[in-house]
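Chain by chain, the residues:
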Amino acid sequence: MKKVLTVLGLMVTLGFSAPIDGYMQSLANEAKKADPSFKGFDAVSGKQIFTSEHIGKKGQNISCASCHTNDLKQAGKNTFTAKVIDPLSPKANKERLSDVKNVEKWLKRNFNDVYKREGTVVEKGDVLTYIKNY
Amino acid sequence: MKKYLIIATVATLFSGVTLFGVESKTVEKVYQKECGSCHMAYQPQFLPQRSWSKMMKKLDNHFDVDASLDANDNKTILVYLTSNAGDVKASTKHFSKMSNSITSNETPLRISQTPYFLREHRGIPKRFIEQKEVKSLANCTACHTTANQGSYSERAIKIPNYGRWED
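Protein chains in written order, with numbering that gives the first Met the number 0: chain D, 0 to 133; chain X, 0 to 166.
This is chain D alone, in the form it adopts within the complex (with noise of 0.2 Å):
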């Protein structure tokens, strides 16, 4: 009780923002040492990396929102084996973003896929930006 009291205590001092941010900060924060004129992340080049096809892993045709769909506030349908995935955007579906851990997870996993590599520092922000303000 003591431990759940010093972490509101200190949350409340400090001002708590969600875990996505300082995720996404960490993000920004590496592409300025990179990069020294980096403005910030940008939802339209965001749009642009989920909706743009390339020759993924399977060696065809797909693309971020072959299986989350182009409106984000919609379910959409895991290409491969046809498995339901819920809407993601963050004002469809309160529970995305929220798990740093689960998200740095699926984009690893998911940029293979689509680009058979890693997203670099700034494609990872900028499709976030544009995850999260969709």
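Hints are computed from structural coordinates only; laboratory data are not their basis.
All figures in this text were calculated on a predicted structure; none of them were measured in a lab.
Wrong hints could be hidden among the right ones.
[Stated by the list, open to error] In silico EDC-like links for lysine to aspartate or glutamate, alpha-carbon gap of 20 Å or less:
| # | chain 1 | residue 1 | chain 2 | residue 2 |
| --- | --- | --- | --- | --- |
| 1 | D | 104 | X | 63 |
| 2 | D | 57 | X | 119 |
| 3 | D | 107 | X | 119 |
| 4 | D | 31 | D | 20 |
| 5 | X | 157 | X | 119 |
[Said to hold, decoys possible] Computed beta-carbon distance windows for the label pairs:
| # | chain 1 | residue 1 | chain 2 | residue 2 | range |
| --- | --- | --- | --- | --- | --- |
| 6 | X | 82 | D | 38 | 46 to 56 Å |
| 7 | D | 106 | X | 63 | 42 to 52 Å |
| 8 | X | 25 | D | 21 | 25 to 35 Å |
| 9 | X | 92 | D | 74 | 27 to 37 Å |
| 10 | D | 20 | X | 105 | 44 to 54 Å |
Positions of the beta carbon are idealized from the N, C-alpha and C atoms, including for glycine.
Model the placement of chain X on the given structure of chain D, informed by the hints.
Below, chain X alone, put in the same frame as chain D:
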């Protein structure tokens, strides 16, 4: 703000719980979450230990998709799968038949290519399998309406755009 406080409180309480050791319920949950996100969480009884060990070693290339996990979750799931595998724990008639049909010199990664499975599904017309609601025989839940509960009885089979299956 209030919402985050509640979340933080709950999260802190939960992090306390794990101090008492990971319970089997929690492990089952990890399995359901991690191995049930792209397809149903297949019952571990369908494949022998050696199949699961092999599969868990190359999750970054899992049937041509990336299903990689961090080392901790990988280990938790591997222990769950191998302690419930078909060659150590075949609890129902379907699971034992599946298990017994696999010869010891084989390490199948697909349930849908084991001899018993192939025998049972031989008579299903291709168009029922290839339709978009099913896509492949790996999609057990598309036809077996109670597959998530581990029940594959013929009474609970309903093929999309066709209906109940009569022999």
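(request) Of all the hints given earlier, name the ones this structure violates by number, lowest first. (result) 2, 3 and 7
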